[in-house]
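Asks: Protein chains in written order, with our numbering: chain A, 1 to 208; chain B, 209 to 505.
By construction, these hints were calculated from the structure, which means they are not laboratory data.
A few of these clues could be false.
What the hints assert, rightly or not - Think about it this way: if two alpha-carbon atoms lie no more than 30 Å apart in a straight line, the pair counts; the simulated DSS-like pairs of lysine-lysine are:
(1) A:Lys171 with A:Lys52
(2) A:Lys114 with A:Lys52
(3) A:Lys142 with B:Lys279
(4) B:Lys312 with A:Lys171
(5) A:Lys114 with B:Lys312
(6) B:Lys503 with A:Lys142
(7) A:Lys171 with A:Lys114
(8) A:Lys52 with B:Lys478
(9) B:Lys478 with B:Lys279
(10) B:Lys279 with A:Lys114
(11) B:Lys478 with B:Lys312
(12) B:Lys478 with A:Lys142
(13) A:Lys171 with B:Lys503
(14) A:Lys52 with B:Lys279
(15) B:Lys503 with A:Lys52
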Amino acid sequence: MVAQAINGALRRVPAWPLYPLGMLPAVWLWYLGLTGGLGVEPIKALEHELGKLALQLLIAGLCITPLRRFTGINLIRYRRAIGLLAFFYVLMHLLVWLILDVGILSQIWADILKRPYVTIGMVGFLAMVPLALTSNNWSLRKLGPVRWRRLHWLTYVAAIAGAVHYMWLVKSWPLEPILYCLAVAVVLGLRLLPQRRRAPVRASDSPA
Amino acid sequence: MYRFKTDLKWSDVTPRADFLNRRQVLAAAGAAALVRPAMAQETGLEPNTFEEITSYNNFYEFGTGKDDPKKNAGSLTTDPWAIVVDGLVERPGTYDLADIMAGKDIEERIYRFRCVEAWSMVIPWNGFQLSALLDQVGVQPGARYVAFETLVRPEEMPGQNYPILDWPYVEGLRLDEAMHPLTLMATGIYGEPMPNQNGAPIRLVVPWKYGFKSIKSIVRISLTEDEPPATWNIQNPREYGFYSNVNPEVDHPRWSQATERKIGGGLFSKRQETLMFNGYADEVAGLYTDMDLTKFF
Numbered sequence: 001m002v003a004q005a006i007n008g009a010l011r012r013v014p015a016w017p018l019y020p021l022g023m024l025p026a027v028w029l030w031y032l033g034l035t036g037g038l039g040v041e042p043i044k045a046l047e048h049e050l051g052k053l054a055l056q057l058l059i060a061g062l063c064i065t066p067l068r069r070f071t072g073i074n075l076i077r078y079r080r081a082i083g084l085l086a087f088f089y090v091l092m093h094l095l096v097w098l099i100l101d102v103g104i105l106s107q108i109w110a111d112i113l114k115r116p117y118v119t120i121g122m123v124g125f126l127a128m129v130p131l132a133l134t135s136n137n138w139s140l141r142k143l144g145p146v147r148w149r150r151l152h153w154l155t156y157v158a159a160i161a162g163a164v165h166y167m168w169l170v171k172s173w174p175l176e177p178i179l180y181c182l183a184v185a186v187v188l189g190l191r192l193l194p195q196r197r198r199a200p201v202r203a204s205d206s207p208a
Numbered sequence: 209m210y211r212f213k214t215d216l217k218w219s220d221v222t223p224r225a226d227f228l229n230r231r232q233v234l235a236a237a238g239a240a241a242l243v244r245p246a247m248a249q250e251t252g253l254e255p256n257t258f259e260e261i262t263s264y265n266n267f268y269e270f271g272t273g274k275d276d277p278k279k280n281a282g283s284l285t286t287d288p289w290a291i292v293v294d295g296l297v298e299r300p301g302t303y304d305l306a307d308i309m310a311g312k313d314i315e316e317r318i319y320r321f322r323c324v325e326a327w328s329m330v331i332p333w334n335g336f337q338l339s340a341l342l343d344q345v346g347v348q349p350g351a352r353y354v355a356f357e358t359l360v361r362p363e364e365m366p367g368q369n370y371p372i373l374d375w376p377y378v379e380g381l382r383l384d385e386a387m388h389p390l391t392l393m394a395t396g397i398y399g400e401p402m403p404n405q406n407g408a409p410i411r412l413v414v415p416w417k418y419g420f421k422s423i424k425s426i427v428r429i430s431l432t433e434d435e436p437p438a439t440w441n442i443q444n445p446r447e448y449g450f451y452s453n454v455n456p457e458v459d460h461p462r463w464s465q466a467t468e469r470k471i472g473g474g475l476f477s478k479r480q481e482t483l484m485f486n487g488y489a490d491e492v493a494g495l496y497t498d499m500d501l502t503k504f505f
């Protein structure tokens with residue numbers, strides 16, 4: 001089985017290198033921004049690239065469950081790193097918007113309250129805060145697996161909010177945000193497919 | 209006839225050799241060069257560099273990305289070029305660009321340029337007043353509006369292969385707006401022929417309106433009795449009105465128009481306050497007296 005071979009090979013690949021590797025695009029973007037590599041409007045470019053990376057990581061994290069279900073490939077070990085990286089990128093995206101892009105406190109508040117695309121972006125960010133705070137073994141033990149898993153359904157809220165946030169801020173209907181919306185719809189839609197249950201052993205089936 | 213006189217002179221503008229080199233100068237000066245000289249920030253009117261003006265464009269005919277026009281507009285054929293002039297005019301016809309340019313006084317006009325997306329530039333245009341062209345073709349008494357149309361040529365304008373907007377791009381002005389001395393038909397920037405990504409070979413510049421009113425690569429001008437259609441107004445009438453005057457007090461439904469960021473200030477540039485009519489209130493506010501600008505936005 002291909003899936004088993006992949007799972008076997010990955011057993012020796014630790015998750016921790018994902019953290020430094022996942023930071024590299026951020027380091028690269030800041031470097032470009034500071035040296036003129038992001039064009040003549042580096043603030044918007046940095047803000048948008050960080051936001052898109054966050055969405056990509058959110059979608060990647062949401063691929064892990066359907067991937068296991070439909071192919072048997074198990075990447076669950078890497079999901080925490082992917083999720084925390086997604087939060088890290090959302091946080092940087094937000095900070096760039098707050099400090100570099102708007103930078104005027106009164107306008108920040110007005111935007112959060114009055115602009116639907118900012119409001120929903122903030123909803124997505126706030127949904128991710130408890131997820132980031134509980135992405136550790138201690139919280140998992142403390143909450144118990146059922147409560148922990150329910151709490152982490154907030155990921156769905158964050159992904160939907162992120163995609164809508166992107167679609168809502170552009171003019172007209174360009175392709176790129178549409179593709180992100182579709183990707184979120186697909187990874188969430190796959191979860192709605194009926195689970196084929198293992199037939200329970202019923203008393204009547206057993207020979208008398 | 210009243211002729212607009214710009215308050216900015218060429219002495220305010222960096223010499224050509226410098227504007228072409230400024231990026232290298234900035235790079236050489238290191239981190240301190242990330243902010244522009246303090247004097248320029250005070251006036252806020254330092255013209256953008258040729259590179260900035262030609263590498264950050266909204267010209268959806270070549271793609272929706274800001275860098276798409278620069279990447280894709282090289283294929284546009286701008287010679288030969290003609291403009292069809294029709295509708296309520298005395299001398300309708302197809303005018304070759306040379307016939308339009310003949311006898312026109314090509315001036316340098318340093319204008320603020322404010323995009324509806326809340327960024328801005330200061331651009332030294334070269335061009336002539338639209339009023340001169342309208343005088344040339346003769347406006348009939350019944351005409352009340354001027355309609356403009358951009359070239360449709362999908363084989364050279366790849367963005368037109370997608371229904372991102374309703375092609376051709378069209379725009380319109382009220383006749384008094386069109387005849388206003390500030391309203392320019394621009395044929396160049398910094399003394400260079402109009403770059404393709406900026407709307408070669410000839411485009412409109414209406415400095416007190418959001419940038420999308422300043423239609424590019426014009427192939428048709430019609431004088432009409434009724435208000436002509438305008439592309440962004442068709443695309444989303446709730447968000448983009450026919451007038452689209454720069455107005456810090458009337459927000460876009462999805463974002464504030466109170467402030468703008470001038471392109472070119474690097475990663476740490478601050479927003480500045482947007483001015484009523486983009487700073488041209490003295491010249492144009494009189495066109496809109498007794499009009500509710502929140503209704504006619």
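Asks: Evaluate each hint against the coordinates.
Replies: Quick rundown of the hints versus the structure:
1. The hinted pair formed by A:Lys171 and A:Lys52 meets the criterion: a straight-line CA distance of about 17 Å does not exceed 30 Å.
2. Pair hint A:Lys114 plus A:Lys52 holds up; C-alpha atoms about 23 Å apart against a cutoff of 30 Å.
3. With a CA separation close to 55 Å, the supplied pair A:Lys142 and B:Lys279 exceeds the 30 Å bound.
4. Distance check on the hinted pair: B:Lys312 and A:Lys171 sit about 37 Å apart at the alpha-carbon level, beyond 30 Å; violated.
5. With a C-alpha separation of about 48 Å, the suggested pair A:Lys114 and B:Lys312 falls outside the 30 Å cut-off, and the hint is violated.
6. Between the alpha carbons of B:Lys503 and A:Lys142 the distance comes to roughly 57 Å, so the proposed pair goes past 30 Å and is violated.
7. As the CA atoms of A:Lys171 and A:Lys114 are separated by approximately 18 Å, the hinted pair is consistent with the 30 Å bound.
8. Taken as a hint, the A:Lys52 and B:Lys478 pair is honoured in the structure, with Cα atoms around 24 Å apart against an allowance of 30 Å.
9. Taking the CA atoms of B:Lys478 and B:Lys279, the gap is about 28 Å. The hint holds against a cut of 30 Å.
10. At most 30 Å may separate the alpha-carbon atoms for a hinted pair to count; B:Lys279 and A:Lys114 exceed this at roughly 36 Å.
11. About 39 Å separates the Cα atoms of B:Lys478 and B:Lys312, which puts this hinted pair outside 30 Å; it is violated.
12. At roughly 46 Å between alpha-carbon atoms, B:Lys478 and A:Lys142 are farther apart than 30 Å, so this suggested pair is violated.
13. Between A:Lys171 and B:Lys503 the CA atoms are separated by roughly 21 Å; this keeps the pair inside 30 Å, and the hint holds.
14. Simply put, A:Lys52 and B:Lys279 have alpha-carbon atoms about 22 Å apart, close enough for the 30 Å limit, and the pair holds.
15. Under the criterion of a C-alpha separation no larger than 30 Å, the hint pairing B:Lys503 with A:Lys52 is inconsistent with the structure, at around 36 Å.
Of the hints listed earlier, those the structure fails to meet are numbers 3, 4, 5, 6, 10, 11, 12 and 15, in rising order.
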